[in-house]
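K.L.:
In the order they appear, the protein sequences are chains S and D.
Numbering-wise, the first sequence is residues 1 to 399 according to the numbering used here.
Numbering-wise, the second sequence is residues 1 to 503 according to the numbering used here.
Check each hint, because a few of them may be wrong.
Distance condition first, Cα-Cα at most 27 Å in a straight line; then the derived DSS-like pairs of lysine-lysine [to be verified]:
#1 K84/S with K102/S
#2 K158/S with K290/D
#3 K158/S with K168/D
#4 K351/D with K363/D
#5 K407/D with K155/S
#6 K63/S with K27/S
#7 K158/S with K75/D
#8 K27/S with K246/S
#9 K168/D with K273/D
#10 K392/D with K184/S
#11 K416/D with K155/S
#12 K374/S with K363/D
#13 K392/D with K179/S
#14 K215/S with K246/S
#15 K158/S with K408/D
Interface residues of chain D toward chain S, partial, derived using beta-carbon atoms under 8 Å [as the list claims (entries may be wrong)]:
#16 C217
#17 L362
#18 C366
#19 K392
#20 G414
If you're looking for bench data, these hints aren't it; they were derived computationally from the structure.
Since the structure is predicted, the reported quantities are computational estimates derived from the model, not experimental observations.
Glycine is no exception: its CB is placed at the ideal position from the N, C-alpha and C atoms.
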Amino acid sequence: MRVNEYDAVVIGAGVAGLAAASFLAEKKLKVAVVTKGEPTACLSTGAVDVCSQGDEPLAAIQKLPPEHPFRLVDEETIRSALNKFQQTVNAAGLPYIGSVEKNRFILTALGTFKTSCLVPVTMEASPQNASESLHIVTFRGLKDFYPGYIISRRKNAKFSVYDAGVSTTMSLAAHFEEKNFFEKFLLWLEKQNIYQDKIAFPAVLGLESAAEIVKTISILAGRPVFEIPTLPPSMPGRRLFNALKKTLRDNGGDIYWSWPVTGIEAAEATIEAVTTRSDGRPASINGKAFILAAGSFIGGGLTVTRHGIQENIFHLPVHIPGSRETWFDDNYFSMNHGIGRVGIAADAAMRPIGTSWKNIFVCGSILAEAQILKNGCGHGLALATASAAAKSCAEYLAR
Amino acid sequence: MIKTDVIIIGGGATGCGIARDLALRGIPHCLIEKGDFAAGATGACHGLLHSGGRYVVTDPVAARECYEENLILRKIGQKCVEQTGGLFVRLPGDSRRFREIFLRRCDEAGIPAEVISASKALELVPNLNPRIEEAIKVPDCAIDPFRLCMLNIRTSELNDALILTRHKVTEIIKSHGRCVGVKALDQTTAETREIRANVIINATGAWADTIAALAGCHVSLTPVKGSLVITNHRLTNMVINRLRHPSDGDIIVPNEAVCLAGTTSIPIEDPDKTSTDFQEVETIIGEAAKMIPHFDDTRIIRAFSGVRPLLKSVKTDSHEISRGFQIIDHQNGLFSIVGGKLTTFRLMAEKMVDRVMNVFNLKRPCTTAEIPLDGQEDLSGYPLSRRLEDLKNIVCECELVTRQQVKKIIRQTGTKNVGDIQHRTRLGMGPCQGGFCTFRALGIMNDMNVISPEESMNILRGFLQRRYKGIRQVLWGDQLREEQLVEYIYLGVLAMEKPNARE
Chain S
1 MRVNEYDAVV
11 IGAGVAGLAA
21 ASFLAEKKLK
31 VAVVTKGEPT
41 ACLSTGAVDV
51 CSQGDEPLAA
61 IQKLPPEHPF
71 RLVDEETIRS
81 ALNKFQQTVN
91 AAGLPYIGSV
101 EKNRFILTAL
111 GTFKTSCLVP
121 VTMEASPQNA
131 SESLHIVTFR
141 GLKDFYPGYI
151 ISRRKNAKFS
161 VYDAGVSTTM
171 SLAAHFEEKN
181 FFEKFLLWLE
191 KQNIYQDKIA
201 FPAVLGLESA
211 AEIVKTISIL
221 AGRPVFEIPT
231 LPPSMPGRRL
241 FNALKKTLRD
251 NGGDIYWSWP
261 VTGIEAAEAT
271 IEAVTTRSDG
281 RPASINGKAF
291 ILAAGSFIGG
301 GLTVTRHGIQ
311 ENIFHLPVHI
321 PGSRETWFDD
331 NYFSMNHGIG
341 RVGIAADAAM
351 RPIGTSWKNI
361 FVCGSILAEA
371 QILKNGCGHG
381 LALATASAAA
391 KSCAEYLAR
Chain D
1 MIKTDVIIIG
11 GGATGCGIAR
21 DLALRGIPHC
31 LIEKGDFAAG
41 ATGACHGLLH
51 SGGRYVVTDP
61 VAARECYEEN
71 LILRKIGQKC
81 VEQTGGLFVR
91 LPGDSRRFRE
101 IFLRRCDEAG
111 IPAEVISASK
121 ALELVPNLNP
131 RIEEAIKVPD
141 CAIDPFRLCM
151 LNIRTSELND
161 ALILTRHKVT
171 EIIKSHGRCV
181 GVKALDQTTA
191 ETREIRANVI
201 INATGAWADT
211 IAALAGCHVS
221 LTPVKGSLVI
231 TNHRLTNMVI
241 NRLRHPSDGD
251 IIVPNEAVCL
261 AGTTSIPIED
271 PDKTSTDFQE
281 VETIIGEAAK
291 MIPHFDDTRI
301 IRAFSGVRPL
311 LKSVKTDSHE
321 ISRGFQIIDH
331 QNGLFSIVGG
341 KLTTFRLMAE
351 KMVDRVMNVF
361 NLKRPCTTAE
371 IPLDGQEDLS
381 GYPLSRRLED
391 LKNIVCECEL
401 VTRQQVKKII
411 RQTGTKNVGD
421 IQHRTRLGMG
431 PCQGGFCTFR
441 ALGIMNDMNV
451 ISPEESMNIL
461 RGFLQRRYKG
471 IRQVLWGDQL
481 REEQLVEYIY
491 LGVLAMEKPN
501 ARE
């Protein structure tokens with residue numbers, strides 16, 4: 001049995017897990033990320049929502065209830081975590097625009113506006129109101145994008161359809177990375193007589209070089225071009241995941257891919273390792289400290305059974321705000337379902353409450369009381385709490 | 001104003017069956033349904049074509065009717081019946097005396113019943129509880145109630161009958177004390193139509209008293225709620241019944257790729273206000289798991305309730321109320337047909353139309369038991385080779401529904417309702433319960449320019465709320481994960497709750 005030794009082992013490769021690991025790796029600590037597979041970040045719009053409950057996210061955070069996990073993190077940490085994120089993804093060739101001081105909108109595939117904060121540069125030109133006219137380019141056979149939704153809400157929009165020969169977001173994105181395809185597409189676009197203020201695309205404009213592709217089209221068409229996030233699988237989500245993954249690897253972190261944690265090894269109040277049953281790879285990964293960033297229900301950090309809710313890695317106590325009858329409100333759209341408050345409660349050092357383990361820290365959407373949909377605080381909360389958890393973890397390791 | 005001979009109110013199995021019978025006997029008619037076909041008890045049942053075994057001990061007459069109709073439907077409706085066969089399984093502790101009565105009564109009613117050993121039963125259905133004592137094999141079948149209604153109504157359509165779905169009867173017009181017509185509100189356009197006829201048939205199931213009241217009449221009913229759950233897998237290829245007195249959660253029926261299990265039996269007040277509660281779901285899973293243990297950890301994709309329009313009875317246990325049916329002549333041109341079961345819908349229609357023939361003084365025999373259902377030739381399966389060709393155009397991955405199919409339904413019916421597409425194609429009936437494909441189906445409507453932005457948002461809202469009602473009692477495990485993803489897509493990625501920001 002091979003045994004690998006790390007200072008810190010992070011469970012989960014989403015935005016929280018990768019950001020926490022990078023933070024520690026930069027401090028020259030030996031870090032591993034252990035993941036059972038692709039994170040839910042790949043399903044996301046890629047945009048970093050910080051807090052959508054107002055125009056100014058930082059002020060909105062201060063109005064969140066005191067039990068909200070954002071309130072565990074001081075404003076300076078939030079600000080620096082988000083600034084650092086922007087520097088990181090810029091360096092990885094995936095620039096994000098916007099500022100933590102102010103929210104902005106992105107146009108959705110339904111024609112509505114989603115409030116977000118830091119957005120990929122490919123969504124920079126997304127209209128902030130209904131007045132600008134749009135020309136939407138879509139692709140024959142694309143299942144999850146219907147310009148009719150947007151056009152019916154904006155009287156000043158038109159669309160045209162390009163037959164790319166493929167019809168999934170993944171294959172379209174791959175095609176846009178090919179020179180021949182892209183040149184042929186540009187020739188077609190030139191003939192479309194586009195007179196509208198802006199050109200909109202479903203978010204399929206490449207995977208590695210989306211920023212350049214958008215820029216090229218924009219220069220050629222002589223008007224701003226932007227992407228509209230699609231339903232999963234989402235290319236902007238995947239780009240974000242790739243950029244964070246690359247950053248961690250560049251900083252010397254290891255990623256154990258397809259490594260579902262099935263158990264732990266512990267001595268007294270200290271976790272010593274996480275283990276897996278899989279063959280052909282090390283059966284256990286030793287660490288001095290552990291960061292739980294395994295996500296919530298979709299990510300797989302928490303599981304609901306008919307008899308209760310469990311945290312799957314360390315079996316930490318789960319904060320459940322009420323009986324099963326209260327987990328789901330009668331009104332689907334209330335955004336107030338009790339289930340959104342379920343999670344792991346943490347203290348200001350991002351240690352889980354109610355456990356005797358000394359060396360676990362927790363961050364991201366698994367945190368209790370987050371109500372991510374209601375508060376519009378997905379990736380922003382992940383980045384801020386990852387930074388706080390990593391800081392506490394580094395302090396613990398330095399002792 | 002439209003004139004016809006007979007008005008049928010209600011588009012469930014009974015109403016559609018009456019329409020077909022009238023069509024085959026050459027009587028002009030009009031069917032009015034307030035929602036879509038099979039929207040009431042018809043669409044909210046097990047989809048079990050009874051062998052009669054279930055009722056043979058408590059109601060031998062109904063049981064015999066069931067078996068006779070079972071034979072007829074297998075013959076005339078091959079494309080909506082799956083001849084699965086059924087087992088009545090006896091678990092340790094279940095009454096042996098009940099078994100003896102069951103076998104004797106089956107013999108008396110002429111229902112084939114073969115006792116087989118536990119090991120033979122396990123060969124037939126490997127998922128069965130290995131601890132069963134024995135099983136009795138009966139000719140139960142699975143039936144698709146939506147398809148059944150569509151095929152019945154097809155005959156009427158071919159005979160130019162007027163079929164009005166999404167029309168609500170708001171008034172029964174009377175003249176000199178007789179019912180001479182109805183006013184029906186088109187729920188899509190809000191226009192009212194007036195239709196006149198000599199005979200009006202109230203086939204509205206649990207709503208029979210509400211409709212009868214429009215004519216100043218009364219129908220005594222005990223509306224009884226029955227709840228069911230749907231699994232994500234087909235856990236058995238045969239219908240599984242518990243060999244005991246009819247009780248909660250004693251039937252599991254395979255249907256296409258899934259199984260339905262239930263039911264419960266709870267008398268209720270208002271058929272429009274039904275919901276399934278957590279305890280019912282627990283009961284059904286608990287009981288079903290006694291017969292198929294795997295039920296306990298299988299993924300449940302939906303729970304729903306239907307309302308049986310049972311005849312009023314003094315018996316207190318609603319499982320014991322007769323499943324027989326009754327035709328009430330209100331002596332003013334209005335008839336109500338109540339009670340009965342899905343399995344006996346054709347017989348009910350035959351008896352009803354016999355009465356109508358008396359009114360018209362005509363002697364044309366019923367032929368619905370001999371002539372195969374119309375339109376079955378269009379249902380010739382979906383071979384793998386064609387599925388693979390269509391792969392790019394599949395908009396509902398769970399149930400393999402193509403873009404072309406959706407477009408065809410929209411063109412044919414002019415529908416603005418996702419439910420109509422669902423009933424006709426199975427779109428949205430799989431594990432995601434329409435989470436992905438409804439956005440697509442509505443997107444196609446949007447691109448075809450048949451709905452306005454307000455309509456599209458309202459339809460989406462209405463759909464998501466209804467969908468949620470069906471799944472909130474079964475949210476755990478993977479179904480909860482799927483639900484959270486769907487919620488994230490609509491409320492997060494698509495921001496549908498903030499449609500008016502900065503507009």
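K.L.:
Take the hints in turn and mark each one as holding or not.
P.N.:
Right, here's what the structure says about each hint:
1. At most 27 Å may separate the alpha-carbon atoms for a hinted pair to count; K84/S and K102/S meet this at roughly 17 Å.
2. A distance of roughly 59 Å separates the Cα atoms of K158/S and K290/D; the hinted pair therefore is violated under the 27 Å criterion.
3. Taken as a hint, the K158/S and K168/D pair is broken in the structure, with Cα atoms around 39 Å apart against an allowance of 27 Å.
4. Between K351/D and K363/D the alpha-carbon distance is near 13 Å, which keeps this suggested pair within the 27 Å criterion.
5. About 24 Å separates the Cα atoms of K407/D and K155/S, which keeps this hinted pair within 27 Å; it holds.
6. Taking the CA atoms of K63/S and K27/S, the gap is near 33 Å; set against the 27 Å cutoff, the hint is violated.
7. Pair hint K158/S plus K75/D does not hold up; C-alpha atoms about 54 Å apart against a cutoff of 27 Å.
8. A C-alpha spacing of about 17 Å is found between K27/S and K246/S, which places the hinted pair at or below 27 Å, so the restraint holds.
9. At roughly 18 Å between alpha-carbon atoms, K168/D and K273/D fall within 27 Å of each other, so this suggested pair holds.
10. As the CA atoms of K392/D and K184/S are separated by approximately 23 Å, the hinted pair is consistent with the 27 Å bound.
11. Only pairs whose Cα atoms come within 27 Å are accepted, and K416/D paired with K155/S is accepted, the gap being roughly 21 Å.
12. Simply put, K374/S and K363/D have alpha-carbon atoms about 67 Å apart, too far for the 27 Å limit, and the pair is violated.
13. For the suggested pair K392/D and K179/S, the alpha carbons sit about 25 Å apart, so the restraint of at most 27 Å is met.
14. For the proposed pair K215/S and K246/S, the alpha carbon gap of about 23 Å is at most 27 Å, so the pair holds.
15. With a CA separation close to 25 Å, the supplied pair K158/S and K408/D stays within the 27 Å bound.
16. Checking C217/D against chain S by beta carbon gives a least distance of about 36 Å; that is not within 8 Å, so the hint is violated.
17. Because the beta carbon of L362/D sits about 52 Å from the nearest beta carbon in chain S, more than 8 Å, this interface hint is broken.
18. For C366/D, the interface hint is violated, since its Cβ never comes within 8 Å of a Cβ in chain S; the closest pair sits about 47 Å apart.
19. Using the Cβ-Cβ criterion of 8 Å, the hint placing K392/D at the interface with chain S is satisfied: the shortest such distance is roughly 6 Å.
20. Checking G414/D against chain S: minimum C-beta separation of about 17 Å lies over 8 Å; hint violated.
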